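Start from chain L and add chain E according to the hints.
Residue-level listing of the chains:
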Amino acid sequence: MFSKNDVLETIAMVEKEHLDIRTITMGISLLPCIRDTAEETAKRVYDLVCKKAENIVKTAENLSGEYGIPIVNKRVSVTPVSLITAAFPEKSPLIGKALDDAAKTLGIDFLGGYSALVQKSTADYERKFIQTIPEVLATTDRLCASVNVGSSKTGINMEAVKIMGEIFKEAATLTKDKDGIGAAKLVVFCNAVEDNPFMAGAFHGVGEADTVVNVGVSGPGVVKHALEQIPRADLTEVAEMIKRTAFKITRAGQLVAKEAAKRLNAQFGIVDLSLAPTPAMGDSVAQILEEMGIETVGGHGTTAALALLNDAVKKGGVMASSRVGGLSGAFIPVSEDIGMIKAAEKGAITLDKLEAMTCVCSVGLDMIAIPGDTPATTISAMIADEAAIGMINNKTTAVRIIPAIGKTVGDQVSFGGLLGRAPIMPVHHCNSSRLINRGGNIPAPIHSFKN
Amino acid sequence: MRAVVTVTGKDTKGIIAKISTFLFERGANIEDISQTVLGEYFAMIMIVDISSIKGELSALAKECKEYGKQIGLSVYLQHEDIFNAMHNV
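Protein sequences, first through last, are from chains L and E.
Sequence positions in the first sequence follow the numbering used here and run 72 to 522.
Sequence positions in the second sequence follow the numbering used here and run 1084 to 1172.
A hint or two may mislead.
Computed, partial: chain L to chain E, Cβ under 7 angstroms [what the hints assert, rightly or not]:
1. Lys75
2. Asp77
3. Val78
4. Thr81
5. Gly139
6. Lys319
7. Leu326
Below, simulated BS3-like cross-link-like pairs (lysine-lysine); rule was C-alpha separation at most 25 angstroms, straight line [stated by the list, open to error]:
8. L:Lys75 with E:Lys1152
9. E:Lys1145 with L:Lys75
10. L:Lys199 with L:Lys247
I should point out that these hints are in silico values taken from the structure, not numbers from a laboratory.
If you're wondering where the values come from, they're calculated on a predicted model, not measured in any experiment.
Just so it is clear, CB atoms sit at the ideal spot from N, CA and C, and this is done for glycine as well.
Chain L on its own, in the form it takes in the complex (with noise of 0.2 angstroms):
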């Protein structure tokens, strides 16, 4: 039994500390919608996402409603849609037009899965369908891209590589009236996992049901809160504090996943554990941070800090639920969180400490605003860093970086809403081309053969 004190409590970790829910996903396997032609496709594509989903909007709300705690978004992650349109890669965006609509239809903000899996090298249809991203994020709301470009098992296809930052260029450029737009509902992946609640990068793997729901937990606000209470303790009992809050916040999310999965009809996937900030106040991973006593975000010492968040959120929510994945970290994207945007203003966090903090962290360069005339290759060469972490820490590691065309450093972008707004960065200006026009595969790491 709970004491008086526990109800509380969890009243005012939602109330005052901004504790919620962060997504319910479901992800919907497409593989029973492939038929002879593409038109044939996107309308049973439409009908089964329509179908499968349709309840997910109001089991939402009434979940809410019932355990008093807010479900922000509402989600559905596909299977990836290159393996779908196979046999007609160009006709593609008929598949992402009926997943937008799809969307649309359900109510649900973002649905994941216009996605690619390359990690060991490029198949024809696979090239064809990743020249169809800029045009179908440009040509559609709500729908999200992926595309896994290396892992820890087949090391990193660098053509894939090269191709991702030119896509990442042109899709700025398609929506360069809405800030590029198109960029950041485009995540690069090393080592992507299947049942990742959270978007950009969600999409539904093969090796899964035909329907899971999959819920996002999140609660920064009250990771920050708990500590605190604690100001002058030692890191041993901050590592402790932070095990017992992320307990609390996946075991609501745990019960919000089983009962919304029983009533959706689905089975229950995963919880993910990752702290995902907002861009409201006091709901910032940054400032986790500083209240462990870093004065900025950025300054010496983050990386350690943001060490000890990471393993101590996964340690806690591991005992609290029965099946944990997706990425289960703490996010540090920098357009959404206000900690973040406070120090990227200020000059005090750089792109190379985030690219330190992403050793540490769950994914990676996240919701980052560099110059438009950053060369393609430039990105590309911030994709293969990336991956390379990934590849060798046998992590998740991805990028998601917005060139603002038109704008340098100094300017800001703003997309509203969930997605923030984020300070140009600085870019290092040196030549990374002859590396990244040089093709090939990065081998897969000696200590990945464990067979």
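Okay, now just chain E, sitting in the frame of chain L:
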């Protein structure tokens, strides 16, 4: 099926009467009450049986919140499972 009703705010006359009437009218049965008054601050936690409420639980929770605003208090109704999940190992 049980839920927890939490009422907090400035202490005034008749809070318990108002809340219990409100719940009774909607088919919720009070099983346990614990209340504290600290100075002029009032906090009450009720365990209520919700097996025979009229309509959906989420609708009742919403009504409670709105009723709370009307009478100048904050009133929450939440399924007990959330507290069991978060505060028990």
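Which numbered hints are broken by the structure, listed smallest first? When the structure is compared with the hints, none of them turns out to be violated.
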